[in-house]
Amino acid sequence: MTQVAPPPTPAPAPSRPREARPEPRALTSSPGEGRARRLDPELLLVFVVALGCDLALAWYLAFHLHFISVDGLAATSNAFFVLFSRDPHLAAIGLVLNPLTSFLELPLVALRGLAPWLVSRAFAGSIETSCFGAGGAVLCDLLLRDAGLGRRLRLPLVGAWVLNPMVAFYSANGMSDIPLMFFLLLCSLILLRWLRSPRDSLLVALGVAVALATLVRYEAWAFAALVPPVLLVAERRRQQPWRRTEARLLLYGLPVALAVLFWIGANALVMHNPLDFLTSVYGNLSQTHAIGSRPEGWTAAVRTVAGEVLPLYPAYLPIAALALLMGLRRRQFWLAAALTLSTAAALLVMLYLAHRGGLDLLLRYFMTAIPSSFVLAAYALGLVRSPRRRAALGALVLGALAASTPASLAAMSNPILGGPGMEHAVVRAALADRPVTDGSYAGRIHQELGLGREVERLDRSHRLVLVDSFLGFPIVVDSPDPKLFVITSDEDFEAALNDPQAYGVGYFLVPMPSGEGRLDAVNRRYPGFWRSGDGFARRVAQLGRGAASYRWRLYRIVGPAPL
Amino acid sequence: MTVATPSRGLLGERLVAHGALSRRHLRSALARQRSDPARLGELLVAEGWAEEDEVWSELAASWDLPLVRVEPGDVDPDCCRGLALDQAVALEVLPLRRYQGALWVAASDPRQARVRALVSRLSRDPVRWVTMPPSRLRRLQLQLWGRELAGAACHLTEAYDRGASAARLLSRWQLALGLALAAGLTWGLVRWTALTLTVAMGVVTLAYAVAALFRTRVVVRGARAGAGEPVAAEELEGLGKLPTYTVLCPLYHEAAIVPQLLQQLAQLDYPKAKLDVKLLLEADDTETRNCLGALSLPRFCEVVTVPDVGPRTKPKACNYGLLLARGQYVVIFDAEDRPEPDQLKKALAVFHRHLRRGDDRLGCVQAQLGFHNWAQNWLTGWFALEYLSFFRYFLPGLVSLGLPVPLGGTSNHFPTALLRALGAWDAFNVTEDADLGVRLHRAGFRTVIVDSVTWEEANSEFVNWTKQRSRWGKGYFVTWLVNMRHPWRLWRELGTRGWVSIQVTLLGTYLSALLNLLLWGLIVVWLVGQPPAVGALFPPETYYLAMLELLLGNFFFLYVTLWCAVQSGSYRLARLALVYPVYWVMISLAMTKALVQLATDHVYWEKTTHGLAQAEAPRGAARLTASPGRPEA
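As they're listed, the protein sequences go chains A and B.
So the first sequence is numbered by this note's numbering: it starts at 1 and just counts up by one.
So the second sequence is numbered by this note's numbering: it starts at 564 and just counts up by one.
Check before you lean on any hint, since a few could be wrong.
Unchecked claim - Here are the in silico distance ranges between beta carbons for each label pair:
# : chain 1 : residue 1 : chain 2 : residue 2 : range
1 : B       : Leu1111   : A       : Pro41     : 29 to 39 Å
2 : B       : Leu758    : A       : Gly504    : 20 to 30 Å
3 : B       : Ala1096   : A       : Pro562    : 27 to 37 Å
4 : B       : Gln1093   : A       : Arg463    : 23 to 33 Å
5 : A       : Glu494    : B       : Tyr1107   : 21 to 31 Å
6 : B       : Asp832    : A       : Arg151    : 49 to 59 Å
7 : A       : Leu278    : B       : Leu1114   : 14 to 24 Å
8 : B       : Thr756    : A       : Gly265    : 23 to 33 Å
9 : A       : Glu42     : B       : Leu1158   : 58 to 68 Å
Stated by the list, open to error - Some chain B residues close to chain A (C-beta under 8 Å, calculated; not the full set):
#  : residue
10 : Pro1103
11 : Tyr1107
12 : Leu1114
13 : Phe1118
14 : Tyr1122
15 : Leu1125
16 : Trp1126
17 : Ala1128
18 : Val1129
19 : Gln1130
20 : Tyr1134
21 : Arg1135
22 : Ala1137
23 : Leu1141
Unchecked claim - Which chain B residues stay away from chain A? Per the calculated CB distances, all over 10 Å, these:
#  : residue
24 : His581
25 : Arg677
26 : Pro689
27 : Arg780
28 : Asn853
29 : Lys1170
Source of the hints: derived by calculation from the structure; they are not laboratory data.
Note that CB positions come from ideal geometry on N, CA and C, so glycine has one too.
Could you put the whole structure together from the sequences, leaning on the hints where they help?
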């Protein structure tokens, strides 16, 4: 007895269902999807031209002036240690300086075999920062375009970014300053767009951009903390319910929190101290204490910071004032104030350091005034409703920014302002058309780069050489056999330092214990080592001849280290 | 083809003349008949404007056929030999007995050609037709054939494809492979402990990476594609003649919530004469039956008791209901569901739209599910967040990528014939919905999501939630086993992407939740003591990938959850998203329980208690929707 009718056979299915069924079309498109995704020729042109300029300058600096920046090489060497040290691992990227600059260099550093100068001249870093500099130019263009500025004014303004000597110099030298500027511009661009139309997707982008920025430099942490006030003021102005504001703040804050917690967590895990980057003897604070200024009152601190910012970029203050004024006129003074404050985040950090003591008066620390000027100018221009007035004001801004370009050059070549950094030495060398290989800070690296070869020549038995890479990185990076060195990021560094013989370490390489040299791990562990070898090592040679170079001494371990 | 009621006006007039119908109701019925040509008699009964017996006695008179009353004992079972019972039920036909050289057959409408065709296949004897009111006839049919139909309901999937049912958990080679793997692993652990563990960890890390990338791709695609296929109001008005729609409501110990269900059903915006609602009760559920008995049921609702044959699962009940279904389309609603009133029409509009485009391979229209009690406590909040991301991003992403869609357990609309043809729900699978979704896809049929929401009650109590969740986990794993009986065939039918999709959505969902507990434990151990043994498990080859997964993977899914809350305007849930990982831990615990059940009884259906929601939050404002653009403020 049939219980149930046999089911009718379904229509034969296609053998490969995918072929028979056309891909269902997207049913609703997100707002961004309608927009053309083609490459904008103007942006492409700006990028290519700016990149060309920066790379040309980088080449000129590295191969004509033979200039290598200490911090640029330090960043490159961190990437180098990750790939080529005795103990290759990602944490070797170092936990004191923010990692992103080094991290992005990894692919280029990996090509060391093809082009050794990528590492030895820190050119990998130069390529990276040139890209960031050119990206910054694109962002300036976008900022001004958003503000409604026509191309005739826009492109010269972008030129004022690319051709600014500070921007150009740091775009070419592989340091983390230009990446920081890039991210400040990027975050501000997104922020300004969000202020114009509060789409939540922009907050996601903002959060991610700020998170990346915090991995570039610690100044960005201050920026990250000063963005929420802007969001809050904007939300208050729009009279949003608190829950909504809270949700939006979370959307912004979560990626930032992840980045910061990741950094703190990495410090906790690797260095066993969550605030190691802050309190470590290698940390910025400790470094600047070793060479930095004394505490001063708030007024004096303001004077100190202004004394750097004003000569470096005179347009900054007038443009900030313009932004505040426009904010006042358009009845959004508090928003303008919050925005001005957030773009000044890095300068506020310097102000605090000047007050607290420990501010190193390097021009580059005040360079954020340049991107801030662009952001605030774009904000102010965007508030002008009439196109004619906007164009007029734009011309005024262009005048101010253009006038600041020679001012920047003047500040750089000023021995008091540009002296503590490398700007003065480099400008002088460029004017005289001779290499930067003298004993100045800028030329110091050159004299150390060759030492690796010398150490290897002296170490006939090919036994391991322990050196604190905090100062010794140029020696290791340029050595023919980097695996010969036990460096700070090696997991057994601490143990080998305490008991070199047990770990097969044959030599200690130590810098003279003065200035930053006092922070060297060997000098800290064995305070009398430099002078006499502390009774368990015999001096083999003294290395380093240049006036500003650290003097290094190579000691052979001959007995057990004292406990 | 249905035969029109003879002298249409006449039936109404005669009923009015006999006092069985008021003139006002007659006018309403005739007016409605113009816009929706249901047969007048059915319309009057469905709306409750006239009694069925009286309508049929008038109809019998006009057809010139005897109206009979039959007891089960009057029917000769031999007459039914060879009869397709489910068709007889659908057409409301019942052969009674042979008498005086003729076969006596009762039918609610013997004039239908399909009815006559069905009977003519049964016997060459001359047929004497008699008529019976439909509800009486159906009741009699179920009394006579109930157990046989229930037996068939258990095996619909097996009838379609023997391997497609979870009646048997493991095929022979699956069992052999499983045992071999287990033995290999054990031997490896004993012999080369460290190596085996390290390799295992490497495999797990790699699998996680694949799963995370796949899920990211689907979610991102889903975010672009939009939450569901929208249907405009004009499209609903232009639907024309509406087909009969069967609504299956499986109930088990749901007395508390039945009144609400009836209210929801009454609110459905669909002609009542075209609604065929089946309230499916289990035989031992006297509580719900009594409750239903005490209520006056609307005419379009029929209480069906599922005989106690085979496993007592929701899919079996649904299959039983499906065998009795009269509708051209069928949908399931759970007891606690509150579908948006126009959902049936919207689903129908989507089917029609696809047919108009020449696309006859649309197998299912799934509505979105949302929770009405999301604000009750943290658990319901988390649950709501999970549903949001599932129905708003994940499922639309799968649809948009052309991948198999594991259906939600309720509010899925099917063409009845297709559902029957593809083996309906597997009575032995506890996530029959997901299983059916995959089976539809394998047969070349697609699922789309419609922009209509069914409000459900989120589980608000941990133990109850665990029961439900572990059932899902168990079911997903079983469904994976079933589909992997022939991995090669699966690959041929679905292609590489679809094949990977099955691994990730079915196996991955379950296994990752199970393994997470272990991996999180490892992380805690590592953070606390950094024992070298844990470090040794992760050589550099897997270490960085694992680190990336831990940081970015977990963050990404947490962030997507937050994004869902913000996008759907459920700003209150944003805070809860921050502690969402606690919910992940709870899921892992439930999956561990599922593992135990998998070994003991893979068919056991652990009942989820409904009606735990607190007093109703105001409609609309406090509801949480999976569809876009409904800000809370």
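Hints, one by one, checked against the model:
1. B:Leu1111 to A:Pro41: 29 to 39 Å: holds (36 Å)
2. B:Leu758 to A:Gly504: 20 to 30 Å: The hint (20 to 30 Å, Cβ to Cβ) holds, given that Leu758 (chain B) and Gly504 (chain A) are roughly 27 Å apart.
3. B:Ala1096 to A:Pro562: 27 to 37 Å: This hint holds: roughly 33 Å between Cβ atoms.
4. B:Gln1093 to A:Arg463: 23 to 33 Å: holds (30 Å)
5. A:Glu494 to B:Tyr1107: 21 to 31 Å: holds (23 Å)
6. B:Asp832 to A:Arg151: 49 to 59 Å: With a Cβ separation near 57 Å, Asp832 (chain B) and Arg151 (chain A) satisfy 49 to 59 Å, so the hint holds.
7. A:Leu278 to B:Leu1114: 14 to 24 Å: holds (21 Å)
8. B:Thr756 to A:Gly265: 23 to 33 Å: holds (30 Å)
9. A:Glu42 to B:Leu1158: 58 to 68 Å: holds (60 Å)
10. Pro1103: holds (7 Å)
11. Tyr1107: holds (6 Å)
12. Leu1114: Hint holds; Leu1114 (chain B) Cβ to chain A Cβ min 6 Å, cut 8 Å.
13. Phe1118: holds (5 Å)
14. Tyr1122: Holds, about 6 Å.
15. Leu1125: holds (6 Å)
16. Trp1126: holds (7 Å)
17. Ala1128: Holds. Min distance 7 Å.
18. Val1129: Because about 5 Å separates Val1129 (chain B) from the closest Cβ in chain A, which is inside the 8 Å limit, the hint holds.
19. Gln1130: holds (7 Å)
20. Tyr1134: For Tyr1134 (chain B), the interface hint holds, since the closest Cβ of chain A sits about 4 Å away, which is under 8 Å.
21. Arg1135: Holds, because the Cβ-Cβ distance from Arg1135 (chain B) to chain A comes to roughly 6 Å (cut-off 8 Å).
22. Ala1137: holds (4 Å)
23. Leu1141: Holds, because the Cβ-Cβ distance from Leu1141 (chain B) to chain A comes to roughly 7 Å (cut-off 8 Å).
24. His581: Nearest chain A Cβ is 39 Å from His581 (chain B), so the label holds.
25. Arg677: holds (12 Å)
26. Pro689: holds (23 Å)
27. Arg780: holds (14 Å)
28. Asn853: holds (31 Å)
29. Lys1170: holds (28 Å)
The structure fails none of the hints (numbered hints given earlier).
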